[in-house]
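Taking the hints as your guide, dock the two standalone chains into a single complex.
Chains as they are written, first to last, in the UniProt record's numbering: chain A, 1 to 153; chain B, 1 to 1002.
Calculated from the structure, these hints are not laboratory results.
Selected chain A positions facing chain B (in silico; Cβ < 10 Å):
1. 19
2. 42
3. 44
4. 48
5. 49
6. 120
Where is the CB? At the ideal position from N, CA and C, for every residue including glycine.
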Amino acid sequence: MRFLLLFSRQGKLRLQKWFTPISEREKKKIIRDMTSMVLARQPRSCNFLHWKDLKIIYKRYASLYFCLAVDNQENELLALEVIHRYVELLDKYFGNVCELDIIFNFEKAYFILDEFLIGGEIQETSKQVVNRCIESSDMLQETMEEYMSKPAF
Amino acid sequence: MALKIVKGSIDRMFDKNLQDLVRGIRNHKEDEAKYISTCIDEIKQELKQDNIAVKANAVCKLTYLQMLGYDVSWAAFNIVEVMSSSKFTYKRIGYLAASQCFHESTDVIMLTTNQIRKDLSSPNQYDTGVALTGLSCFVTPDLARDLANDIMTLMSHTKPYIRKKAVLIMYKVFLKYPESLRPAFPRLKEKLEDPDPGVQSAAVNVICELARRNPKNYLSLAPLFFKLMTSSTNNWVLIKIIKLFGALTPLEPRLGKKLIEPLTNLIHSTSAMSLLYECVNTVIAGQYCCSLGSVVLCVQKLRILIEDSDQNLKYLGLLAMSKILKTHPKSVQSHKDLILQCLDDKDESIRLRALDLLYGMVSKKNLMEIVKKLMLHVDKAEGTTYRDELLTKIIDICCQSNYQYITNFEWYISILVELTRLEGTRHGHLIASQMLDVAIRVKAIRVFAVAQMATLLDNAHLLTGNMQRNGICEVLYAAAWICGEFSEHLENPMQTLEAMLRPKVATLPGHIQAVYVQNAAKLFATVLKSQEGNTDGTAAQETSQLMIERLPLFVQSANLEVQERASCILQLVKYIQKLQQKDVEVAEEVSALFAGELNPVAPKAQKKVPVPEGLDLDAWINEPPSESESEDEQPKAIFTKEEHKHSRPRHTEVDEKELAKRREARKQEQANNPFYIKASPSSQKVYQESTGVEHIPVVQIDLSVPLKVPGLPMSDQYVKLEEERRQKQRVEKKKKEKKKRKEKHSGRGKKRDSGPESEEDITPAHMVDIVTEEMPENALPIHTPITVCDIQGNLQDGSQVVVSVIFENKCDGFLKSMEFNVLDSLNAKLQRPEGSGPHDGLTVPFQLPPGVSNEARFVFTVQSIVMPQKLKGTLTFIVKDSSTHEKLDFKLHFTCTSYLITTPCYSDAFAKLLESGDLKCSSVRLEGVSMPFHHLLARICFHHHFSVVERIDSCSSMYSRSIQGHHVCLLVKTTVSIDAKCDEPTLLGNVLDEIKQTFSQC
Chain A
1 MRFLLLFSRQ GKLRLQKWFT PISEREKKKI IRDMTSMVLA RQPRSCNFLH
51 WKDLKIIYKR YASLYFCLAV DNQENELLAL EVIHRYVELL DKYFGNVCEL
101 DIIFNFEKAY FILDEFLIGG EIQETSKQVV NRCIESSDML QETMEEYMSK
151 PAF
Chain B
1 MALKIVKGSI DRMFDKNLQD LVRGIRNHKE DEAKYISTCI DEIKQELKQD
51 NIAVKANAVC KLTYLQMLGY DVSWAAFNIV EVMSSSKFTY KRIGYLAASQ
101 CFHESTDVIM LTTNQIRKDL SSPNQYDTGV ALTGLSCFVT PDLARDLAND
151 IMTLMSHTKP YIRKKAVLIM YKVFLKYPES LRPAFPRLKE KLEDPDPGVQ
201 SAAVNVICEL ARRNPKNYLS LAPLFFKLMT SSTNNWVLIK IIKLFGALTP
251 LEPRLGKKLI EPLTNLIHST SAMSLLYECV NTVIAGQYCC SLGSVVLCVQ
301 KLRILIEDSD QNLKYLGLLA MSKILKTHPK SVQSHKDLIL QCLDDKDESI
351 RLRALDLLYG MVSKKNLMEI VKKLMLHVDK AEGTTYRDEL LTKIIDICCQ
401 SNYQYITNFE WYISILVELT RLEGTRHGHL IASQMLDVAI RVKAIRVFAV
451 AQMATLLDNA HLLTGNMQRN GICEVLYAAA WICGEFSEHL ENPMQTLEAM
501 LRPKVATLPG HIQAVYVQNA AKLFATVLKS QEGNTDGTAA QETSQLMIER
551 LPLFVQSANL EVQERASCIL QLVKYIQKLQ QKDVEVAEEV SALFAGELNP
601 VAPKAQKKVP VPEGLDLDAW INEPPSESES EDEQPKAIFT KEEHKHSRPR
651 HTEVDEKELA KRREARKQEQ ANNPFYIKAS PSSQKVYQES TGVEHIPVVQ
701 IDLSVPLKVP GLPMSDQYVK LEEERRQKQR VEKKKKEKKK RKEKHSGRGK
751 KRDSGPESEE DITPAHMVDI VTEEMPENAL PIHTPITVCD IQGNLQDGSQ
801 VVVSVIFENK CDGFLKSMEF NVLDSLNAKL QRPEGSGPHD GLTVPFQLPP
851 GVSNEARFVF TVQSIVMPQK LKGTLTFIVK DSSTHEKLDF KLHFTCTSYL
901 ITTPCYSDAF AKLLESGDLK CSSVRLEGVS MPFHHLLARI CFHHHFSVVE
951 RIDSCSSMYS RSIQGHHVCL LVKTTVSIDA KCDEPTLLGN VLDEIKQTFS
1001 QC
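Isolated chain B, as found in the complex (with noise of 0.2 Å):
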């Protein structure tokens, strides 16, 4: 035995200690590894030995390596024994290493269960708290349900570094084991009162933690927690007090009541900023219930932190900044110097916390000088990170509500072109969605939009020119489209085709090539359109000869769109120059290519739609795929039954979840798509209300200012005439309160009189024009100036129908200069005066002074009528005082009804008729229509032009004649089914059909 010791003893002289592994791994930087798989391999021999102090010292070392991420899971016997040791020294070690090492699914966590039990009860307290920090890393459920009371035993221990621990230590017995709370809380309680300040504030942590996770059990301790609050002066326990309330308040307001006044004398007396902190963020999460004068005195007192020095203080001040902005963004938006300023700090961090400010206080008043500022720091930012968040965000703040701060078109235009001069970004898809969106929805902005992309088209090389820019050739995608489709605003569009068909574009990706080459088309048509006006033939055949000439670049590219398109396009020149050699004027076709507008779609068009009859979405096409047919494993499956069963509901199920989210990616996908106008809750309701054509976008471009800004444009200049536009604007509105004032002879006005103007005050230059397509059936939306009254065919003629259209203005401006046409189908034409083109419209005879009524009427050539037909129209016209042209979508319906034409006809004819054999038959309940008979006749004769030859009791007879001489014949029963003949089956069907839908109205 004794030996055994002097054995151990010597031993250990040799043995690394912690002191020698650190510094031998110090000393072998090369071979680390191989250095310490040695050093394992010799704390796996130490570790055989029965000497404690050896294993000891090898746990710590071990310790060491698990912290240098060396597996030593292997060990954890070894560490339990370690830990079992009655000496502190070693117990010590071993507990520490139990901590690092153990998780819950260590095994031998299993065997400790009974040492920590008799550690916890050690007459030593420093025993005590070794075994309670040890388990405060590695309880597990097991442990922390055969160990809670002992651990609520310990806090009622006499020394109060036991019972801190203990109280300590029972939170995270709770989370593991809950059962174990109830028995404990009213000793938890009891220790909020303790004597010793260390044992109170663990109880206080301890009862926040909680409550933050279940706040309602804890609300009667409000009472102990006011006294507390204002007794304390302990920052870290008040700010966990703090915390607490800040849980609790949702649940009782009447406590934000009563905490406002502490917190307000908390805020103005404290000196520690982390204090400071809490209680402005509680102050503002409890927003609902505190006055706006403490919004106000945490306004200020963010202010504060924001300008002070440190970072920290700064970053902390614009989070919560953001945090007030959401319920009170006017009392943040006073402070927008401040938050200027911070956009020029050098941490980046507190950059991007700015810029989301920012993003929420934009108003329409300053917009200009916000988005002016982000752009000074666009050109000085450095690394393209933060130059590319930068760009985002000036888009972003732009077209956020649907652009609803935007006054001034032309000069949001001017800062997208000058985006584009950024280098390296990778935005460029976005850029160009905001200037097609913007084209597209704003008709005023066309004119100054097209002379913008012509003038980027132009200098496309300086945009391709440097590799590294190319994400910013996308540009180039919307430039072209924009110059293509609204070509008849271009100032010279013959320089514009030729910078669309320089070599130079090839090297440009394959799908803006493609738009390229399209576009390139449609120009071609408007330059041949002005050069054959000229009657000089030979420019437009140069024309031509100039696309015969660089197309064949495009046939070659290995972009298939590409080649397709210009191979398509250039057959077709090849065509018109053929033509032209002839002399034949051709620049009407070819425009026809391209006539009609891209309008965009409202999100809800597809609602619309009507479902057609027995159409059921819902139901299967095929046979669901069963589950089992996909698992090769498994193909015996696909004869059972149950697997089936299995699968079935599997797939049919609708899945609320997943619904929500596929819709939600498609509205992030319509919202993306600069061809959906996007649903914008605020800009609906205002067209809803609006009466009148008020919605119509009104320009007021300045005239004076030069808008052909030679090489790229500033916007800077826009910033000015804003100004100017806004100051003209409240003279006049001055003068017209001057004239109230004088008119009133009363002093009230005064105070309107100087002080800054309003939001509201501020009329937009443009407006986004928000087309919805939400017409109803044969007439044109309710609030517009026209509606159809009448389609009536013409006996004369078998193929010619009359439509009467009733003009009304219902806006206040004298409309002149309206102009009917109607896009004619293969089926319908509208009759226009000789020599004019088949796209020309007619020319209303009247014009309208405002609230005036009149009627115009259209002739138009129907061929078949034996199916309805809808006809889509336009109609423009010129609001008087304003020089542009303003549009109006309408539809035209010609029912089948509308082709028949009431006749008399005897009985003994009709009787004749019906036994001729030549009529086809069919017939037709209508449901739930309760009226009288004679009603119900009245009605089919003045709706549907019938007249009634023979009635009998219970029945009647009627008639009628289309206008091309079919004959319809009905009997009607008063069980109110229609038995009808027809020698046409599908005008029959479709005038039943619409006799149907008259009576499903009423």
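So here's chain A without its partners, still in its complex pose (with noise of 0.2 Å):
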């Protein structure tokens, strides 16, 4: 997998994620070149895209659209998954995941990704293991964030 963009139907990107070093340029071009492609296709076409060469697999989701590029050689059909798989884990994270969710907390969307995904590979297939880690770090994180935010006198 080369990266993963998240953004809404207005072209606005919610979320990115990118598994080989690219210069900041480059990827701004990518993303203009992405959201253009992708929001001007009909719907009820077909989630796949050819795009340099690369093969684009786009899902929309209420008003997101998940976009995520690979290799030539790579499975269609599994990059799909990918995305469903990752949509799964957004949704039983924060309970009916919607825009806002991930607008509001985009860092722990992208804790989530990186529990699931790490450098362009399926790190995890399992959801249950994938919960597990993000609960367990996050609780981790929770009782820092409440000693914080006791008074300090």
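This is how it looks when you write it as structure tokens:
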């Protein structure tokens, strides 16, 4: 996998994850290309696009587009599964996830993604395991935050 | 100190956190940029504080802004600070920011090495996890080198959570620092059998990725993976393993055989489409090692995918089908119905995939049907881009591999004409070039094509009426040219001429108008010819008057080309009119202006032109421009020697790539040029194999069908017609077969009785005429029916040459009405009976049954005989049982030798002649001749019409005389050198060249 983008129907970026190092300028160009290409697609079209030497797999969930770029030999259906699994994970974590959840807790969305994928490879295919990991690291953080928000005097 | 903490926490209460920032941005939609710049100022203030919580909050906000596209690289150091916090909450934010913002050229990364190492060895597994995650995003070669060992240790960590992360990060490390692969590999291999499924799948992932880059090194792991594949139930892992095998099988064909069984099992059993698709793809990719049965299974499964209502499956099914099509076209072709259905799909990408597939599925049998279906879609299609795509596909499908699949060109012309009715297409020129190509190359179709084009010209206003449709007016270019060039086939040339001279034409683009004007002149010639034949002079004068009235419109054109041609032709017509008024017949001369046929040139024709001796095409004509001259900044460089040395090779060096590129471009250009015969290997082969006149186009137009359909034609009729034709053929074949069977009295012929007709059974109604200009010197192509046997001068008349031609009929048809014609040159002319025009052919005074040959003689008048000469000519004839004229081009080569006549000469006269001093001297050496001297002399006598005057041991003198009385004397020595004298040096030079050539051939 090369990168994962989440953007709204208006083309506003909500999340970006790059699995290979790319310069900022190029990132911006790619984001622009992706949003314009994906948003221009007719409804009820298939979810695959060819772009340069990559395959773009996108899927729309409510008002959010999930857009994943993979190498040419990769399996498109598997990539769709990856997107779907990520959505399931978000759903489980936020409880019926919506766009606003991701906007206001964007770092959480990243943390979940980091437990699921790492360096462009699937890290954990089991939903339970991912959720457990996130919960336990959140526990660690929550206690810290409680501790920090106590008045220091 | 305490005060500071108090101050910090109070400040914090007033700071914005991330939620506030997001909310703020959403509330400032109008002046977002301004709001964010104030936020960034605040963040800068916050970063200056000592409190790590404040800093972490600021960094978190920055990460958000970075996503919105703001540059935050200035805060890199602060991010490192937050990363190195001991508290997990902040560390997590720091690493997240780093993984989003850092890249290889971020210099502060160097500072993080020790911090990361510390985190990796942290007792808290989440600290380690966060560090690993971060590292996966911003690992640099330096970091990879420094941390490789630490990560390798983590691969054997007690917690699977860390192990699987470490295994996956190792892949990134290998990429950045390949040296780490060797020491780490044994451990990685171990992980394939890790008790934790997550770690196992991570290891599979990494090895699969590595193997795709360099499969050779991973062949040894095949048995292990094979075990995993048969035992694993995790589809994610299975897909990866199958992918890995896909990369390995090309290196180890035996693997393919072993794999086919588990793969087929999976294809049969799995319910997961992604896994099924992967299996099918792998089977397809490894086709060379698998049986037809598995391909059929794949096609079946793909059919299910394509029939599915899910667009994605449909798309992927078509994609995979097109891969199978390349190797097993037959198995895909049976699903044509399904592919055609996909053309109705709402999704454009699916339709385009289906179109791609159709291109490969066409055969002679189904071409018409497929194209008919596509034509329906063209009418229905919304959006010009898709319609244009359809149009180009239709043309691509029809013209692929040199019109291989077209059996009826009338049908194709009608399709092209129908396509011109498309609104707003950009591909007018494409249609036009096809029309030209077909009309030029398929001679039998010209009558029909001309009629259609005339209709098009007549209805030109329909095409050009709408400005939106101006792309299509390119078609008129082809229409005008075809009508002009082949005007002899026109039903009503006068009407077409009028259509071409309408005032409306002046609104067409310049290059089209130019063609109109030029071809109006050709038509004019044809019209004059027919009108003068009618003995009524007024009609012809009226035609001229029409031209004179209409042409001034074009003379005023702003386009130079149009103007030039128009004014030229206008003056010509005025002159013609003058002659007409004096009752002079002009038609003959006017049509002579446009005589001669434009023949396509074979792509290899250029090769036939010999490179003149001493011409070095690679040598520079001028000194090559030196590199430094173009560089204005360095004028001094001109005088430094090194610069020149540098620039020379750069110019002369032949860059293979560049050459190949240019060649490719040239091929492309030739392919697009209708006047080039495309070099299609298959057609070339067919041509060479054919003997006799099988390659001569044989026309089988069914005359019972009305060819002239009023208005624009409908191509549909041809589908029916073709059916009928094939039916007839089938019936005939059956009859023949029955006869055979009766004769044989055996029942074995049954199987072919009612089976579907195979591809080979369909004989085309028209064939593309492929002219190859590969003519041997002095004769016609070997497999053609005539050969020139002798060209001999006539002593009685100094300017006459008699050419004996042997006509041999090598085909199995009866040849009659043969006409021999030569395009006269200034110097040499065919002698025609009195009263015939300068372009009339001579009737060959006999007919030829198959396999018979006969000789005919033709007399030529030649003015100057000092130079050899080549004449082009054509032989037209009719093969009995077909009513059309066939044509054969040939060349006559008059060598200077043929002007020489063997004349005996006595030695004293010979000596006198040499002494007279009138003769110019020349000499030549024959290289590599090793034959007895008397053979050599005999050869010269025989081939070049000399006689021996005297022979003394090692040399011999020879003599000959030309038909115009030139003396040619030779002194041939055994050292195979020839000294020669003649009163005409040019003639002598040419004769010597010819002698030299004679001996170079033996």
